[in-house]
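Student: Sequence:
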Amino acid sequence: MTTVDWSAWRRQEPAPGAEGLRERKKRLLRQRLSDTATEMFLERGFDAVRVSEIARACDVSEKTVFNHFPTKESLILDRGEATSAALRAGLAETDRSPVEATLEILAEELRTLTSWLAAQDDPRDAAARIGRFGALTRSTPSLRAYHLDMTERLVAVAAEALARRGEGARTEDGDDRPSGPPPGPAGGPEVQIAAIALVGLWSVQYRSLARRLAEGTCAPDRLHEAVTADVRRAAALLAGGIDTDIDTSVACGTDTGTTSGSETGLATPAGTGRTSPRTPVHPTVQNMPR
2 MTTVDWSAWR
12 RQEPAPGAEG
22 LRERKKRLLR
32 QRLSDTATEM
42 FLERGFDAVR
52 VSEIARACDV
62 SEKTVFNHFP
72 TKESLILDRG
82 EATSAALRAG
92 LAETDRSPVE
102 ATLEILAEEL
112 RTLTSWLAAQ
122 DDPRDAAARI
132 GRFGALTRST
142 PSLRAYHLDM
152 TERLVAVAAE
162 ALARRGEGAR
172 TEDGDDRPSG
182 PPPGPAGGPE
192 VQIAAIALVG
202 LWSVQYRSLA
212 RRLAEGTCAP
222 DRLHEAVTAD
232 VRRAAALLAG
242 GIDTDIDTSV
252 ACGTDTGTTS
262 GSETGLATPA
272 GTGRTSPRTP
282 VHPTVQNMPR
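In this note's numbering, each residue carries its 1-based index in the sequence shown increased by 1.
The set of hints was computed from the structure by calculation and includes no laboratory data.
Since we're looking at a predicted model, the values are computed, not measured.
A few of these clues could be false.
Stated by the list, open to error - Each computed DSS-like pair below joins lysine-lysine, with the alpha-carbon atoms no more than 25 Å apart: (1) Lys73 <-> Lys27; (2) Lys73 <-> Lys26; (3) Lys27 <-> Lys64; (4) Lys64 <-> Lys26.
Claimed, not checked - With beta-carbon atoms standing in for the labels, derived distance ranges: (5) Glu63 <-> Glu101: 26 to 32 Å; (6) Ser143 <-> Ser62: 18 to 24 Å; (7) Ala120 <-> Lys26: 34 to 40 Å; (8) Glu24 <-> Ala146: 30 to 36 Å; (9) Ala157 <-> Asp96: 23 to 29 Å.
Just so it is clear, CB atoms sit at the ideal spot from N, CA and C, and this is done for glycine as well.
Sequences and hints are given; from them, build the entire structure.
Tutor: Structure, rendered in structure tokens:
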């Protein structure tokens with residue numbers, strides 16, 4: 002069976018400076034398992050393929066497969082940990098706003114994907130593969146459930162990182178209150194809604210990519226430009242609230258029982274004295290093919 006190097010879709014981490022032979026073999030085997038599984042799932046359907054069949058195709062034991070991937074779902078959706086690590090690190094860098102940090106991660110993932118597309122002999126066939134991947138993940142209940150679980154974990158990572166970021170702002174301001182996370186889970190409702198909104202940008206990017214490919218936009222440069230524009234339009238709706246308010250609300254110990262526009266995350270239209278909700282962002286992150 003011919004397989005595609007699906008690993009080229011992953012967000013690429015810097016290669017270790019002194020990768021030993023053992024580590025390299027493990028990395029290459031993990032890649033082969035995932036690539037083979039992905040091709041088999043696309044050809045026959047996720048539920049029709051057994052893990053034991055994937056093991057046989059790669060000439061390893063079923064136990065070896067599970068040593069590298071904890072679940073069958075993670076064989077095809079294995080980007081969660083890398084994305085979580087990138088988001089955690091990006092939000093920790095206080096020289097950039099939360100939205101800017103998130104946009105940089107998304108831009109790198111999109112660059113990786115469009116670079117892969119540009120390297121293919123037949124861009125339309127490559128685009129069709131992307132479409133089949135998306136259709137598979139949408140039509141398989143266990144993969145949809147795995148998506149949801151990954152989304153919730155990513156939101157938790159973002160909330161924790163934002164809470165730590167706000168705590169750092171409290172310390173820098175010379176607040177004499179006890180150190181430690183603000184009251185409530187990962188900083189309370191302000192941080193939770195900010196985390197959900199940031200993670201929602203992954204859904205925007207995935208949906209924009211799927212729509213543009215369905216429209217026939219296969220040229221990598223045009224695809225990159227169009228999807229980036231869509232994501233930045235969505236991010237612009239968040240920047241005024243998250244980038245301006247989240248650090249301040251956590252650092253100042255916002256009383257969540259108050260009802261002013263700035264404290265509840267509501268925007269006040271100029272000259273009206275009334276508050277209206279900012280445009281909501283769908284909180285589900287979809288996982289683009291690797």
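Student: Indicate, hint by hint, whether the structure satisfies it.
Tutor: Here is what the structure says about each hint:
1. Lys73 <-> Lys27: holds (18 Å)
2. Lys73 <-> Lys26: Status holds; Cα separation ~21 Å.
3. Lys27 <-> Lys64: holds (14 Å)
4. Lys64 <-> Lys26: holds (17 Å)
5. Glu63 <-> Glu101: 26 to 32 Å: Hint violated: Cβ distance 44 Å, outside 26 to 32 Å.
6. Ser143 <-> Ser62: 18 to 24 Å: Given a distance of about 23 Å, which is inside 18 to 24 Å, the answer is holds.
7. Ala120 <-> Lys26: 34 to 40 Å: Roughly 25 Å apart at Cβ, these two residues miss the hinted range, so it is violated.
8. Glu24 <-> Ala146: 30 to 36 Å: Between Glu24 and Ala146, where Cβ atoms are some 32 Å apart, the hint holds.
9. Ala157 <-> Asp96: 23 to 29 Å: holds (24 Å)
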